[in-house]
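Q: The primary structure of each chain is shown beneath.
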Amino acid sequence: MIPELGQFSLILAFCLSILLGVMPLAGAATGNRLWMNMGRPLSAGLFVFLGICLVILAHAFVTDDFSVRIVAAQSNSLLPMQYKVTALWGGHEGSFLLWTFMLAGWILAVGIFSKSMPREFVARVLGVLGLLCASYILFMLATSNPFDRMVPVPPADGADLNSALQDIGFILHPPTLYMGYVGFSVVFAFAIAALLSGRLDAAWARWSRPWANVSWAILTIGIALGSWWAYYELGWGGWWAWDPVENPPLITWLCGAALIHSLAVTEKRRVFKSWTVLLAILAFAGSLLGTFITRSGLLTSVHAFASDPSRGIFILAILGVFVGGALLLYAIRAPLIKSEFGFGSLSREIFLLANNVILVVAAASVFLGTLFPMLYQALTGDLISIGPPYFNIIFVPLMILLVILLGIGPISRWKKTSGAYLQRQLGKVAAASVLLGVALPLIVLLNISIPATIAVALAIWIVLGIGRDLAAKTANKPSRWQGLRSLTYGYYGMQGAHFGVAVMLIGVALTSYFSSERSVLLQAGDSVQLGGYEFQFAGSERIAGPNYNADRATVLVTRDDEAVADLYPELRVYLANGAPSTEMAIDPSLLRDLFVTPGEIRANGAWTMTVYVKPFVRWIWLGAIFMALGATIAAADRRYRKLARVRDHAHEPAVGDMKPGGLQPASGDGT
Amino acid sequence: MKKFIFYAPIAAFLALAFVLWRGLYLDPTELPSVLIDKPMPSFVMTTVEGEPVSNADLPGRVFLLNVWGSYCLPCLVEHPTLMRLSEEGEFPVVGVNYRDRRLLALDWLDVNGDPFEYSILDEDGRFGIDLGVYGAPETFLVDGEGVIRYRHVGVLEENVWREVFMPAIAELRGALAPSP
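Here the protein sequences line up with chains F and X, keeping their order.
Quick note, the numbering used here runs 870 ahead of the 1-based positions in the first sequence.
Position 167 of the second sequence, counting from 1, maps to 166 under the numbering used here, and the rest follow consecutively.
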């Protein structure tokens, strides 16, 4: 009975989302205030009913109701409680419900934090999001109902959650990734509302910026969690594999990064408007495309859910309606947008434009690399595989270029910067970066390597550039402290995120070039040397977990006869379905990770193991944390709230600017 | 004129949507390789043991090119077949160790037995790209001239060997050396 209540609640949510998709938009088009005002209560209702669906489904998982099909497929009575709850998103249907609920959460947040925006604009944003939510719920009801029952005879027990998913990484990664992904729907809705109203001005950019920043920050954390999880769970010490399903979040992330920078230019200088709108659409398209690729079985991947073309067709239709519709609207409206100010050939605008071009080219090449095997097959009937070499060849040079510009951009001036000024500001920084880039790896690692030199030099270039800029920005203040206090959250956020790039760069480069590994066969008492560490296999024992049995090895790590760490890798067998699983053991630290992957146990009791020493690998995720924090701090900048409030009184509902004439900047100081 | 530029994104999107729609109905395992009846791509690589190897080292007669990896469970299923072929010695088997780690591969050969003349080490999958490899296991039938004649995606079971490879080899031999 209870799952049917969930089904009922899902249908109610569908009805509410249809109303949300129709009433505020119609109200905004006709100037009907009552209908426009329906947006907030309807979005609250939508959130509540989708929340009920989620709670009911979670209840079915917790109470082991195996008559519900996805509970039988993804859970088991022996599963520990935390995984019973999270098994909800261990398959297509449940995870799509979570995805839709996330969207409802963002819609609610827009309703709450948009008090200072014009009524008409909020109505359009909520309306577009309502339509999107309606299409998601319809998709669930039509092709992937999470409340489907197994009739007439439910199985006695469930098939169990994939053992690779029984992990903290699985609890954290999907919800975070979805939340970031879905956040770009909000920025998309802002862009559509602006295109519909014709009010594509600095105010629109300012309203969008905090949402873009927060979505991007959450997406950053989501991707980093996925990378971290793959690193310690999949067992080969890799943190990024260019898997077809890892790539779409990266495409969205790159478009989102471009969007954040482009929004800054649009807000401050009122240029690149049509480009910014296009990026907002592209970032959203990336997130939908990710859904499509994962859920349609289009590409084979470790992440793919069971394939079903009817689902693929449905998501493709959603993609076609929303992205296609948005691009059509863009094609009609964008020619009417005018930039208000010009800028010189050497200016911050130009550097940010270059940043945008590089990020979009990077996104496009990841996109092509991901879809190319499929494209190739569709066009020629033959097969091809694209591996990490392709992505690395394209990605690495682009990122080097991006980082060089990253050092120059923040210190350059809007409108016009002289080359002499840049040279004065950054000449010494550049020299110092090259010098330290050569010297530091030599001193610390006693090793000369061109990739490490380039990476360290670039990271130092960023860090010293930040220092130089801080010094320049505070130079005219009575004291350094007062100078530092006068800088905005927006500024600190930017520099924090840029610092994160430097940290990540170090992590990526040094891990890639200085990791070492050895595969060995060890009897109890044997040991192996790697990277100055001695790994000794001290023996193994049988242990019983909550829903598995395991052989646990003890590996004692020493360096110069001093104990460093005791590691306990395990070979597990899950009771529900006999699935084997290897559990690595890691000793993490800021400068290096020690990592043991168990292989198998021989008849004579010897173990095969692979041991790894991975320097600086933690810096990859540390960098991501800095980037996410930076974007969040920037989003908290006071002026978004303050200025938005002033703006609000400036434009109370301006009905009738559907006319192309309305595309002139609302502030009226156009060219 | 400038106005039409703004229609470029939607045009690109529509083209993409069409391809995606087509893509939904493709099955990547049913199609043959691009390289059928073409010479093997040229390569200068090393074996898993670290010896240099190139096209010149290919067997000068009909042989099998087997794509495998230590991570690949189905490879264990076809392993006895490959061992038998290797012991019988009529058809040499050359391995391609695809997207694997050298040490793991050596360990795998050590544990399970080595049916290969040698295994070409393809850690980053670049040679696999040239071969159009979809994933391990895959087996190519290559003739004495180094021309790829047949490709099998998936496990090389005994019945596949009997019903697909044997006739293909017979046909190949018939075509190359017609008996009077």
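Hints in this document: simulated from the structure, not taken from any laboratory.
What you are looking at is a predicted structure, and each value in this text was computed from that prediction instead of being measured.
Don't be surprised by glycine CBs; every beta carbon is placed ideally from N, CA and C.
Don't take every hint at face value.
To be verified - Listed below are the simulated SDA-like cross-link pairs for lysine to any residue, each with C-alpha atoms no more than 25 Å apart in a straight line:
1. LYS37/X with GLY153/X
2. LYS37/X with LEU105/X
3. LYS2/X with ARG1203/F
4. LYS37/X with LEU1245/F
5. LYS2/X with LEU1198/F
6. LYS1298/F with LYS1343/F
7. LYS1343/F with LEU1296/F
8. LYS37/X with LEU1249/F
9. LYS37/X with GLY143/X
10. LYS1208/F with LYS1298/F
11. LYS2/X with LYS1343/F
12. LYS2/X with LEU1249/F
13. LYS1138/F with TYR1362/F
14. LYS1208/F with ALA11/X
15. LYS2/X with VAL1231/F
16. LYS2/X with GLY1212/F
17. LYS1138/F with PHE5/X
18. LYS1138/F with LYS1298/F
19. LYS1347/F with LEU1199/F
20. LYS2/X with PRO1205/F
21. LYS1298/F with VAL1231/F
22. LYS2/X with LEU1199/F
23. LYS1347/F with LEU1249/F
What the hints assert, rightly or not - Residues from chain X shown here face chain F by an in silico Cβ test under 7 Å; the list is partial:
24. PRO8
25. LEU102
26. ASP106
27. ASP123
28. PHE126
Q: Tell me if the straight-line CA distance from LYS1138/F to TYR1362/F falls inside 25 Å.
A: holds, 17 Å
Q: Would the pair LYS2/X and LEU1199/F pass a check requiring their Cα atoms to be no farther apart than 25 Å?
A: holds, 13 Å
Q: Taking 25 Å as the top limit, are the C-alpha atoms of LYS2/X and LEU1198/F close enough?
A: holds, 13 Å
Q: Measure nothing beyond the straight line between the CA atoms of LYS1298/F and VAL1231/F; if it is 25 Å or shorter, mark the hint as holding.
A: violated, 31 Å
Q: Are the Cα atoms of LYS37/X and LEU1249/F separated by 25 Å or less?
A: holds, 20 Å
Q: Can you confirm whether the C-alpha distance between LYS37/X and LEU105/X stays at or below 25 Å?
A: With Cα atoms ~31 Å apart, LYS37/X and LEU105/X exceed 25 Å; violated.
Q: Going straight from one Cα to the other, do LYS37/X and GLY153/X come out at no more than 25 Å?
A: With Cα atoms ~21 Å apart, LYS37/X and GLY153/X stay inside 25 Å; holds.
Q: Hinted pair, alpha-carbon criterion (25 Å max): LYS1138/F, PHE5/X. Please report holds or violated.
A: holds, 24 Å
Q: Is the straight-line distance between the alpha-carbon of LYS1347/F and that of LEU1199/F 25 Å or less?
A: Cα-Cα ~48 Å, so violated.
Q: For the pair we were handed, LYS37/X and GLY143/X, check the Cα-Cα distance against 25 Å.
A: holds, 13 Å
Q: Run the distance test for LYS1208/F versus ALA11/X: straight-line Cα separation, threshold 25 Å.
A: Cα-Cα ~24 Å, so holds.
Q: Verify the proposed pairing of LYS37/X with LEU1245/F, using a straight-line Cα cut of 25 Å.
A: holds, 22 Å
This entry does not satisfy hints 2, 10, 11, 12, 18, 19, 21, 23, 28, going by the numbered hints stated previously.
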